[in-house]
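Protein chains in written order, with my numbering: chain A, 1 to 344; chain B, 1 to 344.
Calculated directly from the structure, the hints in this document are not laboratory data.
Model, not experiment: these values are computed from the prediction.
Please note: incorrect hints may appear among the correct ones.
Claimed, not checked - Partial list, derived from the structure: chain B residues whose beta carbon lies under 10 Å from chain A:
hint, residue
1, Gly232
2, Leu245
3, Met250
4, Gly263
5, Leu265
Just so it is clear, CB atoms sit at the ideal spot from N, CA and C, and this is done for glycine as well.
There are 2 protein chains.
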Amino acid sequence: MIKILVDAMGGDKAPAAIVQGAVQALEKDRDLHLIFTGRQSEIQAELNKLKYDKARVEIADCQDVIDMNDNPVEAVRRSDSSMMKAYAMLRKQDDICAFVTAGSTGAAIAGGQILLGRIRGVKRAALCPAIPNSRGHVTLLCDCGANTECKPIMLCQFALLASAYAKVGFGIANPKVGLLNNGTEEHKGDALRQETYKYLSEMQGVDFIGNVEGRDIMIGECDVVVADGYTGNIALKSIEGCGKLMLGVMKKEFSATLRSKIGYLFLKKAIKNMRGQLDFEKAGGALLLGLKKVVVKSHGSSKPQTIAAAIANAANIYRGGLVPAVEKSLESVDLNSIIMESAE
Amino acid sequence: MIKILVDAMGGDKAPAAIVQGAVQALEKDRDLHLIFTGRQSEIQAELNKLKYDKARVEIADCQDVIDMNDNPVEAVRRSDSSMMKAYAMLRKQDDICAFVTAGSTGAAIAGGQILLGRIRGVKRAALCPAIPNSRGHVTLLCDCGANTECKPIMLCQFALLASAYAKVGFGIANPKVGLLNNGTEEHKGDALRQETYKYLSEMQGVDFIGNVEGRDIMIGECDVVVADGYTGNIALKSIEGCGKLMLGVMKKEFSATLRSKIGYLFLKKAIKNMRGQLDFEKAGGALLLGLKKVVVKSHGSSKPQTIAAAIANAANIYRGGLVPAVEKSLESVDLNSIIMESAE
Numbered sequence: 001m002i003k004i005l006v007d008a009m010g011g012d013k014a015p016a017a018i019v020q021g022a023v024q025a026l027e028k029d030r031d032l033h034l035i036f037t038g039r040q041s042e043i044q045a046e047l048n049k050l051k052y053d054k055a056r057v058e059i060a061d062c063q064d065v066i067d068m069n070d071n072p073v074e075a076v077r078r079s080d081s082s083m084m085k086a087y088a089m090l091r092k093q094d095d096i097c098a099f100v101t102a103g104s105t106g107a108a109i110a111g112g113q114i115l116l117g118r119i120r121g122v123k124r125a126a127l128c129p130a131i132p133n134s135r136g137h138v139t140l141l142c143d144c145g146a147n148t149e150c151k152p153i154m155l156c157q158f159a160l161l162a163s164a165y166a167k168v169g170f171g172i173a174n175p176k177v178g179l180l181n182n183g184t185e186e187h188k189g190d191a192l193r194q195e196t197y198k199y200l201s202e203m204q205g206v207d208f209i210g211n212v213e214g215r216d217i218m219i220g221e222c223d224v225v226v227a228d229g230y231t232g233n234i235a236l237k238s239i240e241g242c243g244k245l246m247l248g249v250m251k252k253e254f255s256a257t258l259r260s261k262i263g264y265l266f267l268k269k270a271i272k273n274m275r276g277q278l279d280f281e282k283a284g285g286a287l288l289l290g291l292k293k294v295v296v297k298s299h300g301s302s303k304p305q306t307i308a309a310a311i312a313n314a315a316n317i318y319r320g321g322l323v324p325a326v327e328k329s330l331e332s333v334d335l336n337s338i339i340m341e342s343a344e
Numbered sequence: 001m002i003k004i005l006v007d008a009m010g011g012d013k014a015p016a017a018i019v020q021g022a023v024q025a026l027e028k029d030r031d032l033h034l035i036f037t038g039r040q041s042e043i044q045a046e047l048n049k050l051k052y053d054k055a056r057v058e059i060a061d062c063q064d065v066i067d068m069n070d071n072p073v074e075a076v077r078r079s080d081s082s083m084m085k086a087y088a089m090l091r092k093q094d095d096i097c098a099f100v101t102a103g104s105t106g107a108a109i110a111g112g113q114i115l116l117g118r119i120r121g122v123k124r125a126a127l128c129p130a131i132p133n134s135r136g137h138v139t140l141l142c143d144c145g146a147n148t149e150c151k152p153i154m155l156c157q158f159a160l161l162a163s164a165y166a167k168v169g170f171g172i173a174n175p176k177v178g179l180l181n182n183g184t185e186e187h188k189g190d191a192l193r194q195e196t197y198k199y200l201s202e203m204q205g206v207d208f209i210g211n212v213e214g215r216d217i218m219i220g221e222c223d224v225v226v227a228d229g230y231t232g233n234i235a236l237k238s239i240e241g242c243g244k245l246m247l248g249v250m251k252k253e254f255s256a257t258l259r260s261k262i263g264y265l266f267l268k269k270a271i272k273n274m275r276g277q278l279d280f281e282k283a284g285g286a287l288l289l290g291l292k293k294v295v296v297k298s299h300g301s302s303k304p305q306t307i308a309a310a311i312a313n314a315a316n317i318y319r320g321g322l323v324p325a326v327e328k329s330l331e332s333v334d335l336n337s338i339i340m341e342s343a344e
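Make the full structure from the sequences, and use the hints.
Laid out in structure tokens, this is it:
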């Protein structure tokens, strides 16, 4: 049995979309057992609309809900909130494997680091989404927003953490790692990039291929792209904006004339396939890497199928043994001996 | 008459694509007069394949060509190169209005700052492409790679420079300016972003709307997005990669089955329209803002129509009076009084 906590109140469409998605996940995975945190009456009302296996669902009642606009660090103190209650349970109960939330990213990061805690040796947790790439696979972009300002040792750890995730979550035996930079040459970038380049080149346990550019996230040659959280966030959201614009223009053009409407009928399936390949919400949310248990942050605008994918992803990552893999990879590499000057 | 220099040897497809594109531009604009810099025999051989108005074309012969891999600062000394010869002529000859190159970005920036020089008061030149957005217009992203490390005063100047470009080049009367950040809240970002936010809020002559995210470049509410060159480059190339992936997936899916091939026949025009709206090479290259004359950097893989668009854009910007507009906007704002602590 895999016990997973689900924040029923986080996200724009909570609790309805969360509960629906969770029930979808339950149907697909007979091993799954879910515990919702949130307002019991609201959650139960949503559950009552659905068919589900009652033996595999619990509700941990709490009244408070953290908003996207709440200050993340202050939010951590709100122990009766659906998110912080989940973190407290995750920490205390050994039999709970993972936590999925579509709530505030900032609060999820703060709560994870403060209430759940980091794996021994991890400097900072990082947000790591899986982005579809032209090889029909995914690129892990780490960090994507948890750490606005970074030091080289943090970026080196992100490389280790995301490599472990690539192995465990996506079965990539030897993940290739690139450093996000404004050009591929070794000397490119600011002091942070230049220093990190040097350390990554010398590091054991990371298959570093050098600098990569923004375009390589989606079309490139590596499985992991390492970035500070500020830049990773800009890259991720630039991609999101481009995707939205293109799909929007496509929709407009494909319904502009009778001729194009007819064409659309023929291409409907191809367009659905295309959207499927490009929909990175289906990829299962962003992992909060470096924490003591598996935590998946799903998009704030998550639909039921997004939540279902995030829960399935969390179960998959737990089964793959992410946390032990991260522990092992940290033990095998003595980062501090490489990086003396940038140690915090 | 508008006299424009064209680097005939810069770019992957030079000199053929450059010469062809230049002749296309000549045909469309009877006022244009072009001077190619580069190997006379090779340029003439390309010209001989085309019909063109001989009275409006000159060649300034030189033998050296700067490569994408050459060190930019060292490249500046190579005065017999097609790029540096053009810069020397641009500086000396008052009747030459602008310069278009598809050669090395780094060398174009270095040559521009060293050989041509910046407008009085400009701290650093910036690379500023026009990116299509969901309003059917363009967003100017400034800087996109000229300055890897920036201070707040530089970002504030980029806001002024790009606002002048938006007015002159795209007829936007009151360009709205956003600061590229990892969230829209005022406190977001690193020290550079937080400080710049404060200054931009107080600045005259800039219609600052606050922080914008990566997605806002293509779908957002502002005309100018201000970034340091490192981040701007990551954003631009992330968008480029996403666009390439989507068009690639579309092509694959639309030719996968007989059904989809039939649909494609009906949608051909719509897809062409779509590509047209999303093709930011057609938008006329990236402007090197802050230099004493108009300099347009076209993509290294420029096709003839890309070069034609870049030349047309250069003529348009010159006619609009970009350099005087920048001078005027710099005079009207006393940046140093706002930004004491970040002055270089």
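Going down the list of hints, with the structure as the test:
no.: 1; hint: Gly232; result: holds, 8 Å
no.: 2; hint: Leu245; result: holds, 4 Å
no.: 3; hint: Met250; result: holds, 6 Å
no.: 4; hint: Gly263; result: holds, 3 Å
no.: 5; hint: Leu265; result: holds, 7 Å
The structure agrees with every numbered hint stated previously.
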